[in-house]
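So the sequence shown is residues 1 to 317, counted in the working numbering.
Hint data in this document are derived by calculation from the structure and do not stem from the laboratory. Just so you know, even glycine gets a beta-carbon here, dropped at the ideal spot from N, CA and C. It cannot be assumed that every hint is accurate.
When the alpha-carbon atoms are kept at most 25 Å apart in a straight line, the in silico DMTMM-like pairs for lysine to aspartate or glutamate are as follows [stated by the list, open to error]: (1) Lys258 x Glu220; (2) Lys115 x Glu294; (3) Lys275 x Asp56; (4) Lys115 x Glu210; (5) Lys16 x Asp56; (6) Lys115 x Glu271; (7) Lys63 x Glu36; (8) Lys148 x Asp252; (9) Lys293 x Glu128.
Have a look at the derived ranges for each label pair, beta carbon to beta carbon [said to hold, decoys possible]: (10) Glu271 x Asn55: 46 to 52 Å; (11) Asn55 x His261: 23 to 29 Å; (12) Lys224 x Lys189: 15 to 21 Å; (13) Ser196 x Glu271: 20 to 26 Å; (14) Glu274 x Gly118: 54 to 60 Å; (15) Leu251 x Asn285: 20 to 26 Å.
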Amino acid sequence: MTIKDSILKALENFKKPVSYQEVTKYILDNKLYAFEGQTPHATVSALLGDFIRKNDTRVARVKQNGAYFYYLTKNDLLAVEEANVLLQDENGSKKGTKACFSERDLHVLFVSYLKSLGIYAKTILHEESKNSKDDTQKWAHPDIIGVKFAKFKSATSSKLLKTLERKDSCEIISYEIKKEINSDYELKKYYFQAVSNSTWANLGYLVAFEINDNLKEEMERLNKSFGIGVIKLHANPFESQILFQSSYKNLDYQTIDKLCHINEKYRQFIEQIEKILSADDKYVNSSLLELEKECDMYYEKDEDILNYCTSKNIPIE
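I would like the entire structure built from these sequences, with the hints used as guidance.
Below is the structure:
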């Protein structure tokens, strides 16, 4: 029996929407398949997502309380009834799912995506700012700051750009991260938070893990009017998509100075960028290594990403 056959057999047994953890447990308990790796839960989660991505008509899923539940399509009626039970009990307590992931759990996935694009990135914690208790300054800085340096095949071209237009040697980018954008109200609230938090940067993006497809037209309108881009983050970060590009603008040095004053981690990141831009060629690589140390951790291997998503209960599509 193949691993996919064992998954289908497990779903046939349940006859209701179940989590990938329940499917894995059934396979292991009944010895349907001998897993070679040490992460059977991650393997099953990935393959269930594979059924959905490839539009396999045998398997469907529902989303409840931030998690996915899978079932056989021939059991559609039973699945709908069970999904209603999963919603909430009369006291509002959640059923059928583990604790939902937090917004900050998404940071390492997004930073992994940015790293694949050659962008150095760091989380900026609001609570570490000097004004963290001042609500009027709540939208002062972004969730994540990123920088991408211009690269040329010719060293001569790089030197010329650095000499004549140092400010054009890199792009500094602001990112606002959200778990989901489900309504027009949420879209406008989060979008203008991103606008406010990115006034200082060359580029600004609103990033979300879940985005209601019905909001695409309004996103396009906002993007054309205010220039903030939109990124759809995926559990496999390398499949993330830029839905709308950000408009480029010059750096606002006055706001950068303000942010350096209120947040030490932000100041250190900006300082490291300046060191790289002003460094002699022989010191650039060592300066980049110093910047790397300032950045968030990231994943490169699919297995590490699957394990992380599993541990944080992040739905794997």
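Taking the hints in turn, this is what the structure says about them:
no.: 1; hint: Lys258 x Glu220; in the structure: violated, 31 Å
no.: 2; hint: Lys115 x Glu294; in the structure: holds, 13 Å
no.: 3; hint: Lys275 x Asp56; in the structure: violated, 52 Å
no.: 4; hint: Lys115 x Glu210; in the structure: holds, 21 Å
no.: 5; hint: Lys16 x Asp56; in the structure: holds, 18 Å
no.: 6; hint: Lys115 x Glu271; in the structure: holds, 20 Å
no.: 7; hint: Lys63 x Glu36; in the structure: violated, 30 Å
no.: 8; hint: Lys148 x Asp252; in the structure: holds, 17 Å
no.: 9; hint: Lys293 x Glu128; in the structure: holds, 19 Å
no.: 10; hint: Glu271 x Asn55: 46 to 52 Å; in the structure: holds, 50 Å
no.: 11; hint: Asn55 x His261: 23 to 29 Å; in the structure: violated, 53 Å
no.: 12; hint: Lys224 x Lys189: 15 to 21 Å; in the structure: holds, 19 Å
no.: 13; hint: Ser196 x Glu271: 20 to 26 Å; in the structure: holds, 24 Å
no.: 14; hint: Glu274 x Gly118: 54 to 60 Å; in the structure: violated, 19 Å
no.: 15; hint: Leu251 x Asn285: 20 to 26 Å; in the structure: holds, 25 Å
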